[in-house]
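A.B. asks: Chain by chain, the residues:
There are 2 protein chains.
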Amino acid sequence: MEKTIRIFSPATVANVACGFDILGLALENPGDEVIIKRKASSGITIFNETPYKKIPLNPDANTIGVAANALLRKLGETEGFEITITHKIKPGSGIGSSAASAVAGVFGINQLLPNPLPKEDLVEFAMLGEKVACGSAHADNVAPALLGGFVLVRSYDPLDVIRLSFPESLFIAIIHPQIELKTEDARKVLRTNIQLKDAVKQWGNIAGLVAGLAKNDYQLIARSLEDVIIEPVRSLLIPGYENVKQAAIQQGALGCSISGSGPSVFALCESQEIAERAASSMQKEFSKLEIDTVKYISRINTEGVKITD
Amino acid sequence: MEKTIRIFSPATVANVACGFDILGLALENPGDEVIIKRKASSGITIFNETPYKKIPLNPDANTIGVAANALLRKLGETEGFEITITHKIKPGSGIGSSAASAVAGVFGINQLLPNPLPKEDLVEFAMLGEKVACGSAHADNVAPALLGGFVLVRSYDPLDVIRLSFPESLFIAIIHPQIELKTEDARKVLRTNIQLKDAVKQWGNIAGLVAGLAKNDYQLIARSLEDVIIEPVRSLLIPGYENVKQAAIQQGALGCSISGSGPSVFALCESQEIAERAASSMQKEFSKLEIDTVKYISRINTEGVKITD
Numbered sequence: 034m035e036k037t038i039r040i041f042s043p044a045t046v047a048n049v050a051c052g053f054d055i056l057g058l059a060l061e062n063p064g065d066e067v068i069i070k071r072k073a074s075s076g077i078t079i080f081n082e083t084p085y086k087k088i089p090l091n092p093d094a095n096t097i098g099v100a101a102n103a104l105l106r107k108l109g110e111t112e113g114f115e116i117t118i119t120h121k122i123k124p125g126s127g128i129g130s131s132a133a134s135a136v137a138g139v140f141g142i143n144q145l146l147p148n149p150l151p152k153e154d155l156v157e158f159a160m161l162g163e164k165v166a167c168g169s170a171h172a173d174n175v176a177p178a179l180l181g182g183f184v185l186v187r188s189y190d191p192l193d194v195i196r197l198s199f200p201e202s203l204f205i206a207i208i209h210p211q212i213e214l215k216t217e218d219a220r221k222v223l224r225t226n227i228q229l230k231d232a233v234k235q236w237g238n239i240a241g242l243v244a245g246l247a248k249n250d251y252q253l254i255a256r257s258l259e260d261v262i263i264e265p266v267r268s269l270l271i272p273g274y275e276n277v278k279q280a281a282i283q284q285g286a287l288g289c290s291i292s293g294s295g296p297s298v299f300a301l302c303e304s305q306e307i308a309e310r311a312a313s314s315m316q317k318e319f320s321k322l323e324i325d326t327v328k329y330i331s332r333i334n335t336e337g338v339k340i341t342d
Numbered sequence: 034m035e036k037t038i039r040i041f042s043p044a045t046v047a048n049v050a051c052g053f054d055i056l057g058l059a060l061e062n063p064g065d066e067v068i069i070k071r072k073a074s075s076g077i078t079i080f081n082e083t084p085y086k087k088i089p090l091n092p093d094a095n096t097i098g099v100a101a102n103a104l105l106r107k108l109g110e111t112e113g114f115e116i117t118i119t120h121k122i123k124p125g126s127g128i129g130s131s132a133a134s135a136v137a138g139v140f141g142i143n144q145l146l147p148n149p150l151p152k153e154d155l156v157e158f159a160m161l162g163e164k165v166a167c168g169s170a171h172a173d174n175v176a177p178a179l180l181g182g183f184v185l186v187r188s189y190d191p192l193d194v195i196r197l198s199f200p201e202s203l204f205i206a207i208i209h210p211q212i213e214l215k216t217e218d219a220r221k222v223l224r225t226n227i228q229l230k231d232a233v234k235q236w237g238n239i240a241g242l243v244a245g246l247a248k249n250d251y252q253l254i255a256r257s258l259e260d261v262i263i264e265p266v267r268s269l270l271i272p273g274y275e276n277v278k279q280a281a282i283q284q285g286a287l288g289c290s291i292s293g294s295g296p297s298v299f300a301l302c303e304s305q306e307i308a309e310r311a312a313s314s315m316q317k318e319f320s321k322l323e324i325d326t327v328k329y330i331s332r333i334n335t336e337g338v339k340i341t342d
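Chains as they are written, first to last, in my numbering: chain A, 34 to 342; chain B, 34 to 342.
Just chain A, with the same shape it has in the complex (with noise of 0.2 Å):
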């Protein structure tokens, strides 16, 4: 059996406007990488080797780790695991770092066990990491990076994750604004309570956008692309915000929004086209306000995690 595996584990999109906490779609890229290598010993050895010298090498502080001892755990396996983070997303950014990491350890360990679970099975592993890193366990990250594609959870507990069916050709545009926000500080702005009649809104398009995917309605898909009770409170946090939305429709985009709990913004697009000049137009709108973008255009990543090589 081989002893050492390259993991490519993709960036996220969570949220998808409607979506909030149950919906997630899979990027091409950016994405994770890391080598995984049997050692002699038990328990999990991380390097990280990435420009990002934050990132904790103790097990048991560090996304990947957590996740891979729970599986192990839960598998009673002793073996030892050596993990080298080769590229990172940018923590921070919004489109699933730490969900990337989370899967990366999670997917390349499983595949060098005896009997491997399937992929399915190990989205709760993954979210166990993830909540290290940002405080609350969610799958709309990891669910995607795992499985690929547009991502249901449908239900948190018990856990029930479900693909979605999309157009092929649906392209997605994400900027990236060089500002900090916390994903704790995202989660607090938040109410507790919402009013019945934005809720309404809000499962009305979510139900719009599923039913639009899976028809290839991109004129309902448009439509139902509106997030009335967290977009709101959140974009009040990215300056320019509103510009930057109306910029990526005015190109024509389907719909744009916050990707997670932001900086990044996202548009989702009918082809490659469109996304490349929605996202010129989304960048000059922060260069107004003299903040730096990092761009990716990328296809839905229909795989999700995999082995290099």
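Worth flagging that the hints you see were computed from the coordinates, not collected in a lab. Certain hints may be false.
For chains that are exact copies, the list does not tell them apart, and a pair is met inside one copy or across any two.
To be verified - Listed below are the simulated EDC-like cross-link pairs for lysine to aspartate or glutamate, each with C-alpha atoms no more than 20 Å apart in a straight line: (1) K164 <-> E259; (2) K234 <-> E259; (3) K248 <-> E201; (4) K317 <-> E66; (5) K164 <-> E82; (6) K234 <-> E157; (7) K70 <-> E201; (8) K164 <-> D190; (9) K230 <-> E217.
Please build the complex by placing chain B on the supplied structure of chain A, with the hints as guidance.
C.D. replies: Frame of chain A, contents of chain B only:
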């Protein structure tokens, strides 16, 4: 051009567990039946041949009259019509009695006009009729009564009505307990604010239901037929509700909840056989409390309101 037509307009189940105010489905039976006839003078004249003598004959106070006049005004038509209600779903049953009337009137008169509008354009007029009867304008009964099938009202402003895909084999059991429960009262018990965490569960379920219907995934449909917001409050108005629901589930129903604002209870089932078993079992529970019931078993009506001769 024909001058007299008979119309059948179906009963409907609104909300369908997790889809409060946005989801409805049409039944093959029961339904309203009306005869519509051109008359020489302008204006709407209503005749009631049903046993329900409280139905107002003044067209400005009658569901059919208000809906029909709204359509005629919009189109600038001055023709007059005689409308005879020959059969009526029992008012106050929770299966869209007033929506069926409004839809029958609007659809029938539209058919007799020189340039009839498409069915989709009639929803707004039927909504006005229903408003007279129940105090607020909703589309989750009138839209499925008009269009048939499983219908999503994604948005009310602007009105956006979507036909959902669903498995053809579905059957509905309706049990109407003979107790009085007014729509206004059923609305009064609802809170105007809800917890965000409950809303997240609800939109997970509605997304799961739409995905399950599109995929013909009965188990996903079953898991998604859960209402954590409205049912816990409204069910308190229906004696024995929890036992009735459990009886349906034990007989193999995919799910069971309150039809519209009640008091009718519906069970969504994979086959006619299961629907029959669920219905008997639900009736037994009500009879333990000495509550009489009326039962309807129906496939989902895919056509909606129609001319019957």
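A.B. asks: Please go over all the hints and tell whether each is borne out by the structure.
C.D. replies: Hints versus structure:
no. : hint          : in the structure
1   : K164 <-> E259 : neither (27 Å within a copy, 27 Å between copies)
2   : K234 <-> E259 : both (9 Å within a copy, 18 Å between copies)
3   : K248 <-> E201 : both (12 Å within a copy, 17 Å between copies)
4   : K317 <-> E66  : neither (30 Å within a copy, 61 Å between copies)
5   : K164 <-> E82  : neither (23 Å within a copy, 66 Å between copies)
6   : K234 <-> E157 : between (30 Å within a copy, 18 Å between copies)
7   : K70 <-> E201  : neither (35 Å within a copy, 52 Å between copies)
8   : K164 <-> D190 : within (16 Å within a copy, 39 Å between copies)
9   : K230 <-> E217 : between (27 Å within a copy, 17 Å between copies)
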